[in-house]
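Visitor: Sequence:
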Amino acid sequence: MAVARVSRVIASSTKGFQDAVDTAVKRATKTLRGITGGEITSQKVKIEGGKITEYRVEMDVIFVLE
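Heads up, the sequence shown is in this note's numbering, so the first residue is 24 and it goes up one at a time.
Rather than coming from a laboratory, the hints here were simulated on the basis of the structure.
Hints are not guaranteed to be accurate.
[Unchecked claim] Only pairs whose alpha carbons sit at most 30 Å apart, straight line, appear in this in silico BS3-like list of lysine-lysine:
1. 67 with 53
2. 38 with 49
3. 38 with 69
4. 69 with 49
5. 67 with 49
6. 67 with 38
7. 53 with 69
8. 74 with 49
9. 53 with 38
10. 38 with 74
I would like the entire structure built from these sequences, with the hints used as guidance.
Guide: Rendered as structure tokens:
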């Protein structure tokens, strides 16, 4: 029987939400093995001068323990 764990990852990008998610996954794979999925739990933007300057995501990364 497999046991999974969830780790919360927060990342940002000046390009868009997809780039922020890609950044989060790329960083998570550096320290976590056996990643099987993820869930975006929050999307936020930073606005300065009436324009979006940063896209932020929080996501839960699911991985199987060895």
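Visitor: Please name the hints from earlier in the document that this structure breaks, with their numbers sorted from lowest to highest.
Guide: none
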